[in-house]
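Novice: Following the hints, complete the assembly by docking chain B onto the known chain A.
Protein sequence lines, in the order shown, are assigned to chains A and B.
Position one of the first sequence corresponds to residue 1 (this note's numbering), numbered consecutively onward.
Position one of the second sequence corresponds to residue 381 (this note's numbering), numbered consecutively onward.
Keep in mind that the hints were calculated from the coordinates and are not lab data.
Backbone N, C-alpha and C fix where the C-beta goes; we use that ideal spot for every residue, glycine too.
Hints should not be assumed to be uniformly reliable.
Okay, the calculated beta carbon distance ranges per label pair [what the hints assert, rightly or not]:
#1 A:Asp93 - B:Ile437: 33 to 43 Å
#2 A:Ala56 - B:Leu547: 28 to 38 Å
#3 A:Thr212 - B:Arg434: 46 to 56 Å
#4 A:Val89 - B:Val650: 52 to 62 Å
#5 A:Trp191 - B:Pro489: 51 to 61 Å
#6 B:Lys628 - A:Ile316: 24 to 34 Å
#7 B:Ala482 - A:Ala261: 46 to 56 Å
#8 B:Ser428 - A:Ala59: 46 to 56 Å
#9 A:Pro156 - B:Ala482: 54 to 64 Å
#10 A:Glu88 - B:Val650: 39 to 49 Å
#11 A:Ile316 - B:Val650: 35 to 45 Å
#12 B:Pro629 - A:Leu41: 53 to 63 Å
#13 A:Gly103 - B:Ile437: 28 to 38 Å
#14 B:Pro629 - A:Gly45: 44 to 54 Å
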Amino acid sequence: MSGPLVGPASEYVSASRSEMTDRGSLIRSGGRFGADTILSLLTAGAAFIVMLMLAALVAVLAHASLPAIHEFGWSFLVSSEWRPNALEVPKTDANGNVIIEDGETVTQTIPPSFGALPVIYGTAISSGLAIIFAVPLSFGAALFLVRIAPKVMKGPVSFLIEFLAAIPSIAYGMWGLFILAPFLQRHLESWLGHVYAAAGRPRVLHWLFQETSLLPTGEKLVRDLPLSGRDMFSGGLVLAVMIIPIITAIARDVLKSVPRAQIEGTIALGATWWQTSKEMLRYSRAGLFGAVMLGLARAAGETMAVTMVIGNNNQIRASLFAPAQTMSSLLANEFAEASTDIHRASLSEVALILLVMSLLFNIVARYLVVGKGSRTAAAH
Amino acid sequence: MDYPVYNIFSRNYSRVMFGLCVLFTGIILALLVLVTGYLISIGAHSLSIDFFTRLPIPQGMEGYPGGMKNALVGTVVLIALASSVGIPIGMLTGIYLSEYSANSFLAGPTRFICDVLTGVPSIVVGILGYELVVRPIGHFNGYAGGLALAFIMVPIVARTTEEMLRLVPNSYREASIALGATKARTILKVVLPAATGSVITGIMLAIARVAGETAPLLFTTLGSRLLVYNPDDPFPSLTQQIYDYATKPDPAQQKLAWSGILVLISLIFVLNVGIRYFARSIQSMTA
Numbered sequence: 001m002s003g004p005l006v007g008p009a010s011e012y013v014s015a016s017r018s019e020m021t022d023r024g025s026l027i028r029s030g031g032r033f034g035a036d037t038i039l040s041l042l043t044a045g046a047a048f049i050v051m052l053m054l055a056a057l058v059a060v061l062a063h064a065s066l067p068a069i070h071e072f073g074w075s076f077l078v079s080s081e082w083r084p085n086a087l088e089v090p091k092t093d094a095n096g097n098v099i100i101e102d103g104e105t106v107t108q109t110i111p112p113s114f115g116a117l118p119v120i121y122g123t124a125i126s127s128g129l130a131i132i133f134a135v136p137l138s139f140g141a142a143l144f145l146v147r148i149a150p151k152v153m154k155g156p157v158s159f160l161i162e163f164l165a166a167i168p169s170i171a172y173g174m175w176g177l178f179i180l181a182p183f184l185q186r187h188l189e190s191w192l193g194h195v196y197a198a199a200g201r202p203r204v205l206h207w208l209f210q211e212t213s214l215l216p217t218g219e220k221l222v223r224d225l226p227l228s229g230r231d232m233f234s235g236g237l238v239l240a241v242m243i244i245p246i247i248t249a250i251a252r253d254v255l256k257s258v259p260r261a262q263i264e265g266t267i268a269l270g271a272t273w274w275q276t277s278k279e280m281l282r283y284s285r286a287g288l289f290g291a292v293m294l295g296l297a298r299a300a301g302e303t304m305a306v307t308m309v310i311g312n313n314n315q316i317r318a319s320l321f322a323p324a325q326t327m328s329s330l331l332a333n334e335f336a337e338a339s340t341d342i343h344r345a346s347l348s349e350v351a352l353i354l355l356v357m358s359l360l361f362n363i364v365a366r367y368l369v370v371g372k373g374s375r376t377a378a379a380h
Numbered sequence: 381m382d383y384p385v386y387n388i389f390s391r392n393y394s395r396v397m398f399g400l401c402v403l404f405t406g407i408i409l410a411l412l413v414l415v416t417g418y419l420i421s422i423g424a425h426s427l428s429i430d431f432f433t434r435l436p437i438p439q440g441m442e443g444y445p446g447g448m449k450n451a452l453v454g455t456v457v458l459i460a461l462a463s464s465v466g467i468p469i470g471m472l473t474g475i476y477l478s479e480y481s482a483n484s485f486l487a488g489p490t491r492f493i494c495d496v497l498t499g500v501p502s503i504v505v506g507i508l509g510y511e512l513v514v515r516p517i518g519h520f521n522g523y524a525g526g527l528a529l530a531f532i533m534v535p536i537v538a539r540t541t542e543e544m545l546r547l548v549p550n551s552y553r554e555a556s557i558a559l560g561a562t563k564a565r566t567i568l569k570v571v572l573p574a575a576t577g578s579v580i581t582g583i584m585l586a587i588a589r590v591a592g593e594t595a596p597l598l599f600t601t602l603g604s605r606l607l608v609y610n611p612d613d614p615f616p617s618l619t620q621q622i623y624d625y626a627t628k629p630d631p632a633q634q635k636l637a638w639s640g641i642l643v644l645i646s647l648i649f650v651l652n653v654g655i656r657y658f659a660r661s662i663q664s665m666t667a
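Here chain A stands alone, though its shape is the one from the complex (with noise of 0.2 Å):
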């Protein structure tokens, strides 16, 4: 046999576009000012708001934004500073030294200084470790779901499953603050921090159990991280449970549409179980891909468990095992109480980049799943 086994994985997935005929067609409008008008006008309107709504959001968001957007430009990006206060400093002069005049130092005032640096950093770190962890699982439980389980299992299983995606963030978020970090730092992070003091602090292991900050007066401090169970890591984990269910439900679905024959053919030319798996999982690579950018998506966007378990600290630090800061953390933590225009315009912005990198995940997610697995995700 030469040639391709498969054809392009669009072909399958972009099939049921063409099984939506329109109903509409069949049916002859009435008269002119009658119901057909008004009901015909009524959902053209309503469908022409569903398009406003998200003009509105990205319009209202850049308007918010552009104070940030004016006073920093693209530095806002890089900056890793958040200093929503303004500073008073000793004035020092070319030599570093503090200057004095009439017998007290001179201070002068650093102005507020914002930058989302450190809050993408903790979005695309947190987001990828659920990544990780929730993918294997995810394809595995999608496979079981599709080829392994029995009848009788399948439908409890994909409905508990589907359930789990039903749970609001903010259960996560109790689930993650009072069971799993207490969890992480009475076992894994007190056993991991004996193991590092019994190796005798190695050098080459600071960076991931000490940190280093730099204090205002230029003076490095370094210490020993907390290890509270509240950092990147745990945000990570519970990420990872919340985007399970929605991987694994898109991917079943991307798994189940495989054709029969693609299945049969591998399966005839002597396939073991996994050799047959792995050419679904090949055939359905678009799909595949498509869910898990939806899970990236989620898992970028969501707030309140990620708030309640990361640690709410907004500086780049190595260690997985450091607080850190999520675009969407820092916006509930901060939003309600940013009392001048310049703090909250920041965070607008810092809005508008979470956006703008959701719409971009989405859009690039439905176009490789096409119809499948936007029911599952609309339902959750």
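Specialist: Chain B only, in chain A's frame:
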């Protein structure tokens, strides 16, 4: 591509991967049990009748910490507000997508935008509510929260309505037209009634979704410890009060938060499961 080679190695490898798939499913189910088990058991231990009947009581006063009656009322009012805006727009959009999308340049983009909107982070919607309602009015209020929740409902209701209407056989429409009914009459009297059960299911799922939303309420309704009926004031909601209490150091308030979680999850469970069966039975009755 590689030809599948049947040998000892690939056979054993296959067995390992098979086992892994079973194991991974087991891990996910274990996670489910771990999550829901803790939430339900701790919630059940914390729940008391006070939760439903009393208002929050400040620390140091008789009866502290009270209950969450105000939050329950607040959530109901917020859902009603959101539904009154979100469901009509969502349903009309769904009808448009299913029944009027012929030769329409609006249908494709609308469908796509609905899908994209379901993926918008809810906290971003909260900022929209803040900018559009809270800022012009000048203070936090319930309307802003209702609007934010409606925003989240619309795409969900629209897409489920569309899909449910598509399930109605075309012969229904043809029969109605053959009898001389207009298109509007056909939609309102034939197509919608035939899909009532499943459309209600979609609406219930949307309600379940917004009932659990916290993020869009943080800077729209702000929350309140009082029993408020007027949405023009800062408004309480179950999810927000849970968040508030969960992050407080006092175990008595954390207990209330756990009770709140149990109530919330039960509500969502009932909406998800109960209505699914309810809808199925209605449909089997009408069919």
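Novice: A separate judgement is required for each hint: does it hold in the structure or not?
Specialist: Verification of the hints:
no. : hint                            : result
1   : A:Asp93 - B:Ile437: 33 to 43 Å  : violated (59 Å)
2   : A:Ala56 - B:Leu547: 28 to 38 Å  : holds (32 Å)
3   : A:Thr212 - B:Arg434: 46 to 56 Å : holds (49 Å)
4   : A:Val89 - B:Val650: 52 to 62 Å  : holds (58 Å)
5   : A:Trp191 - B:Pro489: 51 to 61 Å : holds (54 Å)
6   : B:Lys628 - A:Ile316: 24 to 34 Å : holds (29 Å)
7   : B:Ala482 - A:Ala261: 46 to 56 Å : violated (34 Å)
8   : B:Ser428 - A:Ala59: 46 to 56 Å  : holds (48 Å)
9   : A:Pro156 - B:Ala482: 54 to 64 Å : violated (40 Å)
10  : A:Glu88 - B:Val650: 39 to 49 Å  : violated (56 Å)
11  : A:Ile316 - B:Val650: 35 to 45 Å : holds (44 Å)
12  : B:Pro629 - A:Leu41: 53 to 63 Å  : holds (56 Å)
13  : A:Gly103 - B:Ile437: 28 to 38 Å : violated (55 Å)
14  : B:Pro629 - A:Gly45: 44 to 54 Å  : holds (51 Å)
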